[in-house]
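Q: Go ahead and model the full structure; you've got the sequences and the hints to work with.
Those protein sequence lines, which keep their order, are chains A and B. My numbering numbers the first residue of the first sequence as 40 and each following residue consecutively. My numbering numbers the first residue of the second sequence as 12 and each following residue consecutively.
Everything labelled a hint here was simulated from the structure, so no lab data went into it. Glycine included, every Cβ here is placed at the ideal spot set by N, Cα and C. One thing to keep in mind: the hints can contain errors.
Some, not all, of what chain B presents toward chain A, calculated at C-beta under 8 Å [as the list claims (entries may be wrong)]: (1) Gly43; (2) Pro51; (3) Val64; (4) Gly65; (5) Val67; (6) Lys68; (7) Leu82; (8) Gly90; (9) Tyr94; (10) Pro96; (11) Thr98; (12) Ala100; (13) Trp186; (14) Phe278; (15) Asp281; (16) Asn285.
Label-pair restraints from in silico Cβ distances [to be verified]: (17) A:Leu147 <-> B:Phe133: 36 to 42 Å; (18) B:Gly150 <-> A:His199: 30 to 36 Å; (19) B:Leu188 <-> A:Gln54: 47 to 53 Å; (20) A:Glu167 <-> B:Thr137: 52 to 58 Å; (21) A:Phe59 <-> B:Thr137: 28 to 34 Å.
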Amino acid sequence: MNTLIIAKRVLKQLQGDKRFLALSIIAPLIIIYFLKLLFDTFPPTILVTNFTIPISAFIVHFLSFLLCAILLVQERTRGTLERMLISGFRRSSIIGGYSIGYLGLATLQAVAVLFESLWLFDLNYSKETILILFIVIWLLAVVSVMLGIFVSTFARHEGHVFPFIPLIILPSVFLTGLIINTDALPGWVAFIGKCLPLHYAVNIIHEIIKPEYSLHNTYVDFTVLTSYIFLLWILASLTLRESE
Amino acid sequence: MQITNAVEIENLCKDYGKLHALNNIMLNVPEGTIYGLVGPNGAGKTTLIKVLVGAVKSTAGNVKVLGLDPLQDKWKLRGQIGYMPQTPALYDDLSAKGNIMFFAGAQNIPDLEKKTDEILNFAELTNRANDLVRTFSGGMKKRVSLCCALIHQPKIVFLDEPTAAIDPHLKLQSWNLFRQLAKTGVTLFISTHLMEEALLCDKVTILRNGEIIAVDAPQKILERGKTILKFSEGGEIKESIIDSTPESLAKELQRFGLNQSITSISFHPDNIENIVLNIIREKENSEQE
Numbered sequence: 040m041n042t043l044i045i046a047k048r049v050l051k052q053l054q055g056d057k058r059f060l061a062l063s064i065i066a067p068l069i070i071i072y073f074l075k076l077l078f079d080t081f082p083p084t085i086l087v088t089n090f091t092i093p094i095s096a097f098i099v100h101f102l103s104f105l106l107c108a109i110l111l112v113q114e115r116t117r118g119t120l121e122r123m124l125i126s127g128f129r130r131s132s133i134i135g136g137y138s139i140g141y142l143g144l145a146t147l148q149a150v151a152v153l154f155e156s157l158w159l160f161d162l163n164y165s166k167e168t169i170l171i172l173f174i175v176i177w178l179l180a181v182v183s184v185m186l187g188i189f190v191s192t193f194a195r196h197e198g199h200v201f202p203f204i205p206l207i208i209l210p211s212v213f214l215t216g217l218i219i220n221t222d223a224l225p226g227w228v229a230f231i232g233k234c235l236p237l238h239y240a241v242n243i244i245h246e247i248i249k250p251e252y253s254l255h256n257t258y259v260d261f262t263v264l265t266s267y268i269f270l271l272w273i274l275a276s277l278t279l280r281e282s283e
Numbered sequence: 012m013q014i015t016n017a018v019e020i021e022n023l024c025k026d027y028g029k030l031h032a033l034n035n036i037m038l039n040v041p042e043g044t045i046y047g048l049v050g051p052n053g054a055g056k057t058t059l060i061k062v063l064v065g066a067v068k069s070t071a072g073n074v075k076v077l078g079l080d081p082l083q084d085k086w087k088l089r090g091q092i093g094y095m096p097q098t099p100a101l102y103d104d105l106s107a108k109g110n111i112m113f114f115a116g117a118q119n120i121p122d123l124e125k126k127t128d129e130i131l132n133f134a135e136l137t138n139r140a141n142d143l144v145r146t147f148s149g150g151m152k153k154r155v156s157l158c159c160a161l162i163h164q165p166k167i168v169f170l171d172e173p174t175a176a177i178d179p180h181l182k183l184q185s186w187n188l189f190r191q192l193a194k195t196g197v198t199l200f201i202s203t204h205l206m207e208e209a210l211l212c213d214k215v216t217i218l219r220n221g222e223i224i225a226v227d228a229p230q231k232i233l234e235r236g237k238t239i240l241k242f243s244e245g246g247e248i249k250e251s252i253i254d255s256t257p258e259s260l261a262k263e264l265q266r267f268g269l270n271q272s273i274t275s276i277s278f279h280p281d282n283i284e285n286i287v288l289n290i291i292r293e294k295e296n297s298e299q300e
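A: The structure is reproduced here in C-alpha cells:
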C-alpha cells in the first residue's frame with residue numbers, strides 16, 4: 040500500500056515537471072538521430088544494424104540509471120527521504136515506489152527509442168522480434184532504475200553520482216560487446232564485462248536480430264538480466280541508509 | 012505523583028570524525044511539557060533532535076523516547092512521534108494538502124482528508140490548500156511542514172527551529188498551539204536559536220559546542236541575570252545593579268525604606284540573550300582556567 044503511495048507521488052512529480060519529462064524523452068531521440076548521421080558516414084562494409092538496437096538499449100540504460108540516481112539523491116539532500124523514513128515509510132516501500140514510478144518513464148523511453156531506431160534505420164524486423172527487443176530494453180531499464188537506486192545510497196549529493204559514470208557506464212560501452220567483440224578481449228577484461236547487465240541485454244539483442252534466431256539461445260541471458268533486478272533490489276534495500 | 016519522562020538521555024555522545032557534535036548529554040524531558048533546546052548555530056541542537064527521532068546513530072550513550080529506543084524500536088516509535096526538520100522537506104510539485112496527505116500515508120489515519128482540512132485551517136492555509144508548495148513563501152512552507160508533523164496526533168513532537176522565518180502573528184499562533192498541545196499531554200521538544208522563545212518553554216536546556224551548559228526553568232535562567240534599578244530621588248537619578256531575583260529586589264527596596272523623597276523607580280532586567288551569553292562566557296572562562 041505504502042509502495043503505491045510513493046509510486047503515485049513519483050509519477051505525479053514526473054507529470055508535473057513537463058520540462059524534465061520532455062528532455063528525458065527527447066534527449067535519447069536526438070542522440071539516436073545523431074547516431075544515424077554518424078552511421079551514414081560509415082562504409083557499407085560495416086553492418087551498422089548490428090550496433091543500432093544495442094546502442095539504443097545502452098542510451099535507455101544510461102539515462103534511466105543517471106536520472107533515477109540523481110532524483111533519489113535529491114530526495115536525500117532536500118530532507119524528504121529522511122522525513123519519509125521518520126514518518127514510517129519502510130525502505131522496501133521507498134525502493135518499490137521509486138521503481139514503479141520511474142518504470143513509467145523508462146517504458147516511455149524504451150518505446151520511443153526503439154521505434155525511432157526501427158524507423159530511422161529502416162529495420163524490418165518481425166512483430167515478434169520487435170516485441171522481444173522491447174522486453175529486453177524494458178528489462179534493462181528496470182535494472183538501470185535499480186542500479187540508480189543502489190548507487191544513490193552511496194551519494195550525499197548529486198555530484199557524488201558522477202564518479203559512478205566512468206565506473207559503471209564506460210565499462211558497459213567497451214566491455215559488454217556493444218562496440219567491441221568480447222571474444223577479442225583478455226579473459227579478465229571479458230569477465231568484468233560479464234558482470235555488467237548490459238552484456239546480457241546485448242547478447243539477447245544480437246541473437247534476436249538474426250534472421251533465424253532461436254529464443255532458446257537467449258534463456259540464460261534473460262535469466263541473468265532478470266536476476267539483476269532482484270539482486271539490485273535486495274542490495275538497495277540493504278544499503279539505503281535509514282540513519283547516519 | 013511520579014513524573015514520567017517522555018525522553019531520557021544518558022551520557023549521549025555523537026562524533027563526526029574528530030568533531031564532537033554531542034558530548035556526554037544527560038537530559039530528562041517530562042511528559043506534557045514544552046522543552047526548549049536553546050543555543051547558537053552549530054551548538055548540536057539539530058544533531059540531538061536527529062538522534063532522538065532515529066535519523067542519526069549515537070556514538071555512545073543511551074536514549075529512550077517514550078520508553079523506546081529510537082533505532083531498535085523505530086517501527087513502534089514512528090507512529091507516536093512527530094518531526095519537523097529545520098528545512099521544510101516538502102515536495103514542491105505537490106500541493107500543501109498533497110504533502111500532508113502523502114507523509115500521513117505512512118500511518119493508517121482514519122478520516123485523513125477531514126483531519127488534513129482541519130490542520131490546514133489551523134495553519135490558515137485553507138485558501139492555499141490545493142496550490143503547489145513551490146509557489147509558497149518560506150513561512151508558508153514552515154506552516155505546511157508543521158502540519159505534516161502534527162497530522163497523526165503524535166505523543167511527542169520534535170520541532171527543529173519551527174518558528175524561524177515566520178511572521179510574528181503566526182509565531183504567536185504557533186506558540187498558542189504548542190501550549191494547547193502540551194495541555195492535552197503532548198510533549199514538545201523545540202529547538203530554537205531565538206532566546207526570547209526560551210521564555211515560552213516550561214524548561215530550557217542551553218547547549219554550546221555539543222555540551223549542556225545550563226538546564227533550568229526560564230524564570231530561573233532570567234534570575235541569573237542582573238537588574239538595573241533607577242531611582243529618581245529629589246530630581247537626581249541614581250542607579251543600583253542587583254541580582255534579578257525577587258529576594259534581591261525586596262532587599263534593595265528595603266534598603267531605601269519607604270522614603271518619600273523617592274518619586275519613581277524603574278526596573279531594567281537583563282534580557283534573556285545577555286543572560287545566556289553571560290552563561291556561555293562564564294563557561295568558556297571556567298574552561299580556560
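Q: Each hint needs a verdict: does it hold in this structure or not?
A: Status of the hints after comparison with the structure:
| no. | hint | in the structure |
| --- | --- | --- |
| 1 | Gly43 | 22 Å, violated |
| 2 | Pro51 | 22 Å, violated |
| 3 | Val64 | 5 Å, holds |
| 4 | Gly65 | 6 Å, holds |
| 5 | Val67 | 5 Å, holds |
| 6 | Lys68 | 5 Å, holds |
| 7 | Leu82 | 6 Å, holds |
| 8 | Gly90 | 6 Å, holds |
| 9 | Tyr94 | 5 Å, holds |
| 10 | Pro96 | 5 Å, holds |
| 11 | Thr98 | 5 Å, holds |
| 12 | Ala100 | 3 Å, holds |
| 13 | Trp186 | 23 Å, violated |
| 14 | Phe278 | 44 Å, violated |
| 15 | Asp281 | 37 Å, violated |
| 16 | Asn285 | 34 Å, violated |
| 17 | A:Leu147 <-> B:Phe133: 36 to 42 Å | 41 Å, holds |
| 18 | B:Gly150 <-> A:His199: 30 to 36 Å | 32 Å, holds |
| 19 | B:Leu188 <-> A:Gln54: 47 to 53 Å | 35 Å, violated |
| 20 | A:Glu167 <-> B:Thr137: 52 to 58 Å | 57 Å, holds |
| 21 | A:Phe59 <-> B:Thr137: 28 to 34 Å | 31 Å, holds |
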